[in-house]
Each structure stands twice: as structure tokens, then as C-alpha cells.
Amino acid sequence: MKIKQIQEEIIDEFAMFDDWMQRYEYMIDLGKSLPLIESKYKTDDYLVNGCQSKVWVRAELVDNQIVFKADSDAIISKGIIAILIRVFSHHEPNEIIEANTDFVDKIGLKDHLSPNRANGLSSMIKQLKLYALAYQTKINDE
Amino acid sequence: MKKNTHINIDQIRNDFPILKRKVNGESLIYFDNAATSQTPQLVIDSIVDYYSKYNSNIHRGVHFLSQEATDAYENSRVKFQKHFNAHNSYEIIFTSGTTHSINLVANGFKKILKKNDEIIISQLEHHSNIVPWQMLCEETGAKIKVIPINNNGELIIDEFEKLLNSKTKLVFVNHVSNALGIVNPIKHIIKKAHEFNAIVLVDGAQATPHMKIDVIDLDVDFYVTSTHKICGPTGVGILYGKEKWLNKIPPFLGGGEMIDQVTFEKSTYAGLPNKFEAGTPNISGVIASGVGIDYLNSIGLEKIYAYENELLEYATRELLQIKGLKIYGFSAKKTSVISFNVGNIHPYDIGSILDKFGIATRTGQLCAQPIMDYFKIPGTIRVSFSFYNTKEEIDEFIKALHKAILMLS
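So the protein sequences, as listed, match chains A and B.
Under the numbering used here, think of the first position of the first sequence as 1, with each following residue one higher.
Under the numbering used here, think of the first position of the second sequence as 1, with each following residue one higher.
Simulated from the structure, these hints should not be mistaken for lab results.
Computed from a prediction, not measured in an experiment: that's the story for all the values here.
For every residue, glycine included, the Cβ atom is placed at its ideal position computed from N, Cα and C.
Keep in mind that a hint or two might mislead.
[To be verified] Here are a few chain B residues that face chain A, going by a calculated C-beta distance under 7 Å:
#1 TYR90
#2 HIS346
#3 ASP349
#4 GLY364
#5 LEU408
[Claimed, not checked] Quick list of simulated restraints, FRET-style, between CB atoms:
#6 A:GLU60 x B:TYR51: 54 to 64 Å
#7 B:ILE377 x A:ASN140: 42 to 52 Å
#8 B:ILE144 x A:ASP44: 17 to 27 Å
#9 B:THR234 x A:GLN22: 50 to 60 Å
#10 B:TYR51 x A:ASP12: 48 to 58 Å
[Unchecked claim] Listed next, the stretches of chain A that the computed footprint assigns to chain B, with coverage defined by at least 3 CB atoms under 8 Å from CB atoms of chain B:
#11 2-10
#12 17-24
#13 67-78
Take these sequences, add in the hints, and give me the full structure.
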């Protein structure tokens, strides 16, 4: 499935809920299925900068596709990174780099995009895209 | 026994237009007063009034508007002189905020401090009260000594007294801890420091909203605060300094207003307070700050303290009924600030959910990482009450907190 299709799938899932509380509960549930980063990588090197809670992310290239794993010490951040990883993991770097991220607005997470949010959703997106860019550069060099 | 506080809460709430706002579809409950207090309508009006009627630069123009603006600006200085009971109005310096005031003093001591001199600060300090001294020590070779805290978050005064010696030149403490709300025994600290001829600067940012400060009674050398925490606008700070110390330290910023004579060889500085107020100051902000302090005094800080204390006791009692909830900072004397965590739930998670209910709290390290390190926690949730908050709001907050805990457990 393409990134765009996964995003639409998530938008549909969130559209089923009437209020923010149900959406948050669903997001928290999604956090429970997050592919977890191995504990040895839960170090400062893998921290996403600019977060009030700790969010660790690591990327690997498997068959030319990026596979992300992550974890967080806060439940809401874990839900957010789980959604992002569901969208971005298992795609080629270029597709990740070029992906539009408007969907976060459509699932009611817009307030997490403000620069004031210490757990910036935008920092997480930036980090995932930076990994993609790094791998794409590596592929181009080879 | 019920205290008779005589606060007309309905009337007071009417003075603050922002309290009528809806946030995320809910009525705003503003419990982040330790970060900044809300602004009463008459302070907002005074800013509009300034720009509508007499906006002009102060201290220079011979024209009518400039004189009117200068009078209003200087009148504000006198208001703060009286409020803090300073001997002279020129001992009140207007800055851009507490951080600016602290940096001004720290900068002033660059030439006075020598290698191996000692500066005492406390473990309760806000980052803004740590970094300037570290910078000062890097430049002068002076050393920082830290007053430790006990498990209740109180300063260990015996340890402080042991740190004092003939090398101690400066002591910097906050009057009230921003993270825990504990009131420090500054009068005692000042007295002890003076026995060793050390100079004392007190950060009063968290104290001035709740209590009357008398700089003469305290015998404090420097006292600093920001007016946005006392019903004024953002961008105005107060630096009180004893005349002899203000005369001893050099200007912080060079520019217009702070000079007396300028030639290319040498400039002579203006006297107090202009020496420290280079450039065009925040004129409307200073005038509005004066209106803010008048407003606060019209209610009365004693009444405010008593009412806020009722809110503090009520909220503390309600919070402690929640299973797994831990409050950080216990002391006989506290301002209306409660820092807490619930079990292992991350403060950020609770803060985010409370926000969805329209409740403004502060989460995280609260610019006080050394305290969080001491308690070995990633941060706390902090609620801080002002005199316009109510028990009904606390009830709503407790209800929302229960829902948040349910969602996050």
C-alpha cells in the first residue's frame, strides 16, 4: 500500500469517532502495537529533539525499504509515533521524503503541530524524513 | 475555622476578559498563573489609552505629549517604590523582565569578583537564576556553591550557613520556588549573608503576586521580579537595588538615555536610574504595570494570600485523595502552587488531556532541572492558582484529572 492510501485508511478510522476523547483512546491503543525499538538503542543518540517526553526512533534499510522502530516514555507520544510509523514504515526513502503530511490535521492532531508543543509531532515527522533522506543519499552514492 | 477573606470573586472575574474564553469547546480554566498572570481590563485599557492619546518618547521631548508620557512613566516608578517600600524611586530600575534584571546584576559583578571568590545559589533555582552565574564564574574564576534541599523540597538552612565564609561574595536565592511554591526564609538568609559581607539578590518573580515585599525590612541588596506575573503586561521587569550597590555596578547596555556626556574619547554615565535604562524603554508596558500594581493593591495582597491559601488547601486535600498521586514540595509556608505526578503516568500525557478539557497547566521540568534530578523524575504537572480562580474550577479540574488517569492507565 502506498503512503497516501495508508493515510486515507487512518483518516477513515478516526472519522468513526465523535469526540476527541474517543480519538485519543484509539491513538493510545495504536501505541500498544508500535514496533518497539530494542532497548539497547534507547539512548540519547536515538532521541527525537525538542520533545518534553522521550521519543526514540531508529531506522533500518531492508530490501530498499525503510523500517522504523520507536518507543516513548509518554503514552500519547507513543500513540503519535505509532501512527507515523504505520504511515511511513516499509516504504522506499524517496516516497517518504516526498510524502505529504496533511493527514495529521484531518485526524484531529493539529494542536500537536504547534511549535510550542514540547512533544512536537513536527519534530517526529522531521526525524523520520531525515532518516529517509540519509538512506536516499546513501543509495545514490552507491 | 473559616477565614473571612472578603474577596468578591464574581466582580474580580469580571475584570479579566480572558476568563470568558472557550478553549477546545470548554470554558477556560487557567491554572498556569505561576508562568504568567492574566491581565485585567483596566491594564489593557491603559495600553490602548497610551497609544491613543499620548504615545511619545520620554525624557527628551519638550513637547506636551513627551512630558505627559514621561510623567506617567515616572509615576509608575514611584508606585513601585512605594509598593516595595524602597527609600528612593531611583532605586527602582525598569528592565524587560526578571531574567534581564538578574543578568544586569551578574554583569555588574564581573569587575568586582575575583578568582576563587564564591557565589552561593540554591538547588531550587529557576534556570534563569543559574545560567547567568555560571557565565559570570566562567569569566571571573569564581566558584558556585549550592544550598541543598531536603525531601520536602525545602532549603537546608544549616547547610547554607556552613557554606558561608570570607570568600562568599554573593548569595542568590528565589523568594519562592517556581517549581514547588515553597517560601524560602530569605530574611534569615540575608541576615546570615550580611554577617559575611556577602551581597544578596532575591528573585521575587514567584513571591510578588502573593505577598507584600518590604525591601527595607528585608534589608535585601537586590530584589527582582516581572510585572506580567502581577497583572501587568509582558516585557517589563523590576530591579530594586540599594543605591550604594547600583552606583557601584557599571551599566549593562550602552545607548541613549544612559549617558550624560558623550565624546568619542569617553562618555560619562547618567545617574540612577537612567544609567541602567538605555534606549527607549517599554513605555506603555511600564505605565500599564503601574496600573496593574494599583489594581492588585486595590484588592489587597493580604486578602489575596488568604484566599489563594484557601484554594491551595482545598486543592491539596482533593488531590491527595487520588490514588498514587504524589505532591512535590511540602512546607508550612507555600504559595498557591502544587507540583505533582500520578503513579508512573508521564506529566506530558496528563497535561495534554487536561488541555483538551480547557484546563491550562504547566508540565515538564518547569525550567528547574536540578529539582527534577533531585526527585529523579522527568518533570511534574504544576497547577498554580490566582485570586480569580475558584473552588468550582478546582472541582472541574479534579473531575478532568480522574478522566485523564482513566484514559492513561
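Structure-based check of all given hints:
1. TYR90: Violated. Min distance 39 Å.
2. HIS346: holds, 4 Å
3. ASP349: Since chain A brings a Cβ to about 5 Å from ASP349 of chain B, closer than 7 Å, the hint holds.
4. GLY364: Hint on GLY364 of chain B: holds, closest Cβ of chain A at ~5 Å, below 7 Å.
5. LEU408: OK, holds: LEU408 of chain B within 7 Å of chain A, min 5 Å.
6. A:GLU60 x B:TYR51: 54 to 64 Å: holds, 59 Å
7. B:ILE377 x A:ASN140: 42 to 52 Å: Roughly 45 Å apart at Cβ, these two residues keep to the hinted range, so it holds.
8. B:ILE144 x A:ASP44: 17 to 27 Å: holds, 25 Å
9. B:THR234 x A:GLN22: 50 to 60 Å: Given about 37 Å between the Cβ atoms, the range is violated.
10. B:TYR51 x A:ASP12: 48 to 58 Å: The hinted range 48 to 58 Å holds for TYR51 of chain B and ASP12 of chain A, with Cβ atoms some 51 Å apart.
11. 2-10: violated (count 0)
12. 17-24: Answer holds; 3 residues pass the 8 Å Cβ test.
13. 67-78: Answer holds; 5 residues pass the 8 Å Cβ test.
Taken one by one, the earlier hints fail for this structure at numbers 1, 9, 11, listed in ascending order.
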